[in-house]
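Modelling step: build the complete structure from the supplied sequences, incorporating the hints.
Chains as they are written, first to last, in the working numbering: chain A, 2 to 403; chain B, 14 to 726.
Treat the hints with care, since some could be wrong.
[As the list claims (entries may be wrong)] FRET-style restraints, in silico, Cβ to Cβ:
hint, chain 1, residue 1, chain 2, residue 2, range
1, A, G293, B, T627, 29 to 37 Å
2, B, K381, A, N68, 57 to 65 Å
3, B, R173, A, P223, 26 to 34 Å
4, A, R163, B, A386, 49 to 57 Å
5, B, R173, A, I81, 26 to 34 Å
6, A, N68, B, R173, 28 to 36 Å
Hints listed in this document are in silico derivations from the structure and should not be mistaken for laboratory results. Heads up, the beta-carbon is just placed ideally off N, CA and C, and yes, glycines get one too.
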Amino acid sequence: MTDAYIYDAVRTPRGKGRKDGALHGTTPVRLAATALTALRDRNRLDTANIDDVILGCVEPVGEQGANIARIAALYAGYDIAAAGFHVNRFCASGLEACNIAAAQIMSGQADLVIGGGVESMSRVPMMSSGGAWAADPDVARRTHFVPQGISADIIATRWGYRRRDVDAYAVESQRRAAAARDAGYFGRSLVPVRDINGDIVLDRDECIRPETTVESLAALKPSFVEQGTKIGFDAIALQRYPDMEAIDHVHHAGNSSGIVDGAAAVLFGSRAAGDRLGLAPRARVRGFASIGSEPTIMLTGPSYATEKVLKRAGMNVGDIDLFEVNEAFSAVVLRFLDALSVSPERVNVNGGAIAMGHPLGATGAMILGTLLDELERRDLSTGLVTLCVGAGMGTATLIERV
Amino acid sequence: MNANIVRYSVDTEGIATLAIDCPGRALNVLNREALAAIYAAIARAIADPAAKAILLASDKEDFIAGADLDMVLAITDAAELKAATLELHRYLRALETCGKPVAVAINGSALGGGYELCLACHYRVAGNRPSALIGLPEVTLGLLPGGGGTQRLPRLIGIRAALPLLLEGKKLKPAEAHKAGLVHEVVAAGNEREAARAWLRGRIGQETLQPWDIKGYKLPGGPVQSPAGFETFYAGSAMTLAKTAGNYPAPHYILSCVYEGLQTDFDTGCRTEVAYFAAAAMTPEAKAMMRTLFFHMNQVNSLARRPAEVPRRKFSRVGVLGAGMMGSGVAYAQAMAGIDTVLLDTTLEAAEHGKSHTRRLLDTRVHKGYMSAETRDAALTRIYPTTRYADLDGCDLVIEAVFEDRGVKADVTRQAEAVLTPDAIFASNTSTLPIGSLAEVSIRPQRFIGLHFFSPVDKMPLVEVIVGAKTSPETLAQAMDYVRAIRKTPVVVNDSRGFYTSRVFSTYVREGLMMLAEGVAPALIENAGKLAGMPVGPLAIADEIALDLADRVNRQTAADLGAAYVRTAAEDVTETMVNVCKRIGKKVGAGFYDYPAEGPKRLWSGLMRHFPSTAQQPALEQVQRRLLYIQSIEAVRCLEEDVIASACDADVGALLGWAFPVCHGGPIGHIQQLELPRFLAACRELAVSFGPRFTPPALLEKMAAAGESFYVA
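Encoded structure:
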């Protein structure tokens, strides 16, 4: 088997995913092209050597539809020889795109592949692609569909995370993100988004709120009470988990991932391809895995995906220096820490999606870059990225510096 | 024969009238013969060059009551039902696409298949008869509209407006049906044919089609695949599952018919509906619901258990002793049925207070527009509050609803009997005391009977008619006549401890308490009860009944039964709650649950201390099985001991008395649904694990050995 190496990783800043967000005026194709252009230019790539461009995208409709990866590559001026396709593993799409890129190289069928992702949540809102899971009555019934916020609240209830626990986690995410930003830790990967004149539209993450305190979060109302009680999702959750008396609704906008716009791209290649092009590898992909888990609780996948990838690699949790566990909701990370007995000091050390936002299709690729940057900064060796995924899945990627 | 069912005539204006009149029945019902006749008439009208327009009508008082459930229940092969339903669709489709204008005169109720026939017409006129109801109530019997109802109604009024009607099976009065868009026009009763003709006259010669067959048709309210459609089905699917807990397939199938069918052309949508309809009709749930809610309910209400030789008795004057909650409820039921009521209590104030209960209920009806002020006033004059036993003179029946105390009951019995004529009946509304023992003080025990009403009387349709050892057949027959006269449903029960309903229902509560003692998590017990289809969990019920009351009853039972009494862990739990925890139930805001001033009740956190949950919890299915099967076993024992006369009474009594899950048809219906050998095997297993109370009664073993079942289908 050929080893797959990471040669570089870039990302745009994350802009607030509303109409008053800085990136709202930037099309998703241009967002993706920003990342692709930066990756090409700073590595002086002849894009005729790129076998494939794979981008995660969770709402692939409208201007994000019809294979945004190929279109963004063409728009970025990539050689027509660079193919492209989009993938959708919901919130892990960006990481899955990277895993597939690595897999193409490991299988010996490609030499240089870009994995990444894009999501303009301000322009193509969540749920735009509809789908059968929530709406098709026969599907929803058989699978006990509940929305993710209810799932996160189920986790909090079952593992006993009270409101102050999830809020405290959120405050820490804000603190870490602000500290990392102020210290310039994101500088290596971050590329500014520019308008057609070359003027900067946004060059830093827009949503970090270091002033957040447990007291200020206490004022926020839980977000999923109505869905739970009026529409009946709590009752459906109890049908699946009848040992619970009721769902404790603890999640809200302040302890859940923010809605943002952004894109990321990561360059993967074989050692031979890197040598040929004069590129220095930064890390080797040790393994990756995706798993399916119970879909109603939905968001417990990260621990299982982590266990799977570690087992295949013959490693233990203790072998991992740093983790990035996507902060979809506070309870997801808290449960990951408990399930694998990991110290919070090794997880999301520079904050996460609660502070900076979660551009659905891009996040996985973004935090892969964040992890690699931090391993280098601390001169550590091994890192693991994992995300919880809609419909009950988890995806993980294990990397090791070279 | 078919020619007699639909009268076909074409008038000089070219309007062909198809007048439906099923011979020998009070109502038009869509059975095989009627359908064949309607198909033939539709084909004839389409082909007849003299027929320029088509009018559907009924020669009965109502239009069509719906499909013949005997026919639906008898079909056990989905393919056969599909074929029959597809044929119906072909004719309805031919009718609405033939180009000739088609109108229907809805002279009375048009329900189910009857209204689906109307939906295939281009113009619907309803006569404004007070008794007329229009709608698609199939879901209430576990079915769905199979004659195009799920396809035409949403295309007519939009998905959002159609879904509640389809999912709840609500029947609308003509004016409401008009407002909802189900009919085009409402006219004075009797004028509907002429109004329909007038519309047809104006259309003769013009090609007439349904809105959905006209080019450029847009679904009102937007298509399935739109933000609005997504939201509707997102919420609709969840609300439905939250409500059914997966126990009732029909509402889910209805949603699927609309979701899937409204994304396709009309004919494909109809095929989708046919598939789901056949699937629904084949479910054990639909079969159980049709059997109990329709056939058995009709059987019980037609007084199948009434001694036939006794002449019917009319009740014009009835006395009620005790104007408390039960007594005043009975007075209300009687006043509504036009029976003069003597409402007697120890003080006039108390008797008047009892009457004011009826006034409150009637005021609400007037306020909601269900009743006129005149009718209310007339009903109120029928209740005569008093303190004097002499006023009971001339009563056909006296019902005592005083305290559950033998002394008090004996006293009122003696005083009333002193006034009553020899043929008058004396009834006790006791819920706990054996009728035979109460009749001991009676000077005419053959005219003494139990009438066990349920609370709240104005809402609960069941009355247990308790036959004492000395009660005469005449008394029983007439007491049943009385129950029907006040529009309630009587089930006949032979005198025994707990009668029928309390005896069987209490096994549900007791099983829940025993599980708590075993270490089953209280939330699991409660959820299992609710997810099994019971309205409330066993612990919540115990709180409502009150634990101190249960404790007193337990001690009384122990004293009465002596050596025969078998104490279970359930009694220990009750005793602990009362004596150790000092939590006696909802009435004091503290029982198994806490009852905070704001928000829903929550299980008391201290339960874990007194009844710690075991680490290994049973599967939900096992908890559900215990809670339901124990009721079925007890109902069989009641049959075995002749406490209740028939399986059909047992099922109807369970549905109306304690809201046993209707998807199973009743505790006996549930055995039928599971099939006896499987039920027996499960009970034997439960007996090994949890004790002899699950040992199958001999009756079941005997029936299984003989290959018998309780019901034919």
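Pairwise beta carbon distance, G293 of chain A to T627 of chain B, judged against the given window 29 to 37 Å: holds (30 Å)
CB-CB spacing for A386 of chain B and R163 of chain A relative to the 49 to 57 Å hint: Between R163 of chain A and A386 of chain B, where Cβ atoms are some 56 Å apart, the hint holds.
R173 of chain B versus P223 of chain A beta-carbon gap, inside 26 to 34 Å or not: holds (28 Å)
Cβ distance range 26 to 34 Å for R173 of chain B and I81 of chain A, holds or violated: Cβ of R173 of chain B to Cβ of I81 of chain A: about 49 Å, so the range 26 to 34 Å is violated.
K381 of chain B paired with N68 of chain A, Cβ distance criterion 57 to 65 Å: Holds, since K381 of chain B and N68 of chain A (Cβ atoms, about 59 Å apart) stay within the stated range.
Outcome for the supplied range 28 to 36 Å, where the beta carbon pair is N68 of chain A and R173 of chain B: Since N68 of chain A and R173 of chain B have Cβ atoms about 35 Å apart, the given range 28 to 36 Å holds.
The structure does not agree with numbered hint 5 stated previously, though it agrees with all others.
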